[in-house]
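**Q** Listed below are the residues making up each chain.
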Amino acid sequence: VTNVRQGKQFVIDIDGELDGERAALLEQLAGELLSNPVIEDFVLTVAQDQDA
Amino acid sequence: MRVGVVTFPGSLDDRDAARAVRAAGAEAVALWHGDADLHAVDAVVLPGGFSYGDYLRCGAIARFAPVMGPLVAAADGGLPVLGICNGFQVLCESHLLPGALTRNGSRHFVCRDQRLRIEDTTSVWTRDYTPGQEIVVPVKNGEGNYVADESTLDRLEGEGRVIARYVDVNPNGSRRDIAGVRNERGNVVGLMPHPEHAIDLLTGPTDEGLGFFTSVLNAVVAA
Chain A
392 VTNVRQGKQF VIDIDGELDG ERAALLEQLA GELLSNPVIE DFVLTVAQDQ DA
Chain B
11 MRVGVVTFPG SLDDRDAARA VRAAGAEAVA LWHGDADLHA VDAVVLPGGF SYGDYLRCGA
71 IARFAPVMGP LVAAADGGLP VLGICNGFQV LCESHLLPGA LTRNGSRHFV CRDQRLRIED
131 TTSVWTRDYT PGQEIVVPVK NGEGNYVADE STLDRLEGEG RVIARYVDVN PNGSRRDIAG
191 VRNERGNVVG LMPHPEHAID LLTGPTDEGL GFFTSVLNAV VAA
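Protein chains in written order, with our numbering: chain A, 392 to 443; chain B, 11 to 233.
In case anyone wonders, no lab produced these hints; they're calculated from the structure. Fair warning: this is a prediction, and the values are worked out from it, not measured in the lab. The beta carbon of each residue, even a glycine, is placed where N, CA and C say it ideally should be. Among these hints, one or two may not hold up.
[Said to hold, decoys possible] Some chain B residues judged to face chain A by a derived CB distance under 7 Å, without partners named:
no.: 1; residue: R67
no.: 2; residue: A110
no.: 3; residue: T112
Same shape as in the complex, but just chain B:
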């Protein structure tokens, strides 16, 4: 199985994302923002960072990158796509996920090991977790405050599309403690915390983030 990891100008976590893909047992394929070709990958990770310097709004310019044309079309067709942090912001700006990510409620950049509760295990990126399972992975963002109008939030909750919630501390003021959401089909997931930084105890606080990457591997192999 081949998982593409997109590098935009200003991406930071593409190497860790690729490492997490390999740790899960898949092949990591480097995709370039300026190349409008997904090179026949089976899934894509949009990594964290500051694409295009976060100018205008986070993710607003990345949305127009050449690679996003085929990516949006493939995601609409069912390709598994995980957007982490800045990648989540790109997915919202691309309208693949509802809502938007705004400046943290505290107005400060937050970097900490964060407890999450996995709420939905039907998505292709969370199926290896158990419903209600708590994991600890790093969160690091200045603009991770998830907002959407009340009817959108109600719909997301009603359809089980909140995939993870902050536990103990809400680091950024996100509505209803939302850390991640998925699309209706469950192939597109956006997550503000960083599972790719928690895949082994050598480099992370836990190895509990690896499940996102084994999930997609198992989902694609089973399909």
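This is chain A alone, in the form it adopts within the complex:
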């Protein structure tokens, strides 16, 4: 084993395409509600629709 990571993961579904405005909103949501920047870092990754 060279690395183990434990963390929180939030899976967020949206309707429609992830345009700049929606991406900015998700960034804000992640930084102001879902994480506390004093003690946590976050990474936002985009996945394709699993149900498609």
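Keeping the supplied structure of chain A fixed, place chain B upon it in accordance with the hints.
**A** Chain B only, in chain A's frame:
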């Protein structure tokens, strides 16, 4: 003088906080999380407990409660606000105080009578104490481990904004034994231990917590 005590879903210590307010000689006014109105109170206590079940992070959801809108604005304008335990966590999440409260270093919930040293007596909530005075009040938390980056801690110390420190035992691993801090102006104080549980010998280990509540009463009356 009227002191508001906010009840969030999951607040535990709102009744004791109101009782402490009355014991100090002020009128306690019940404020409701969903009511975006401070009802013209002269000061506010955010009590301990588990607001919104501590989901997400302690205090993270309470920060968005309707009552917090006018509260944050009033605190910025100088309204005295004391956050105890969960209330301290709410004040940090609301950015009224720096830093954050994380899981206890021991990973265990801790409940004990705790000796504190009052470090700063310039805040409106500690002015009835003498600098260096030691008091014993209950502490009870699972996430009371105060953290902030080193430069923030240095600034807090340099500006005399650490209002109380743990003595003998650090119950939760807080950086630099910090039990409570204040904002620059001294009207907003966050404290992890519970002065409202130590206002008389009938129900508490001491009556040494009452000073927080008489302090704000005297500060407002003098103003």
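**Q** If you check each hint against the structure, which ones fail?
**A** none
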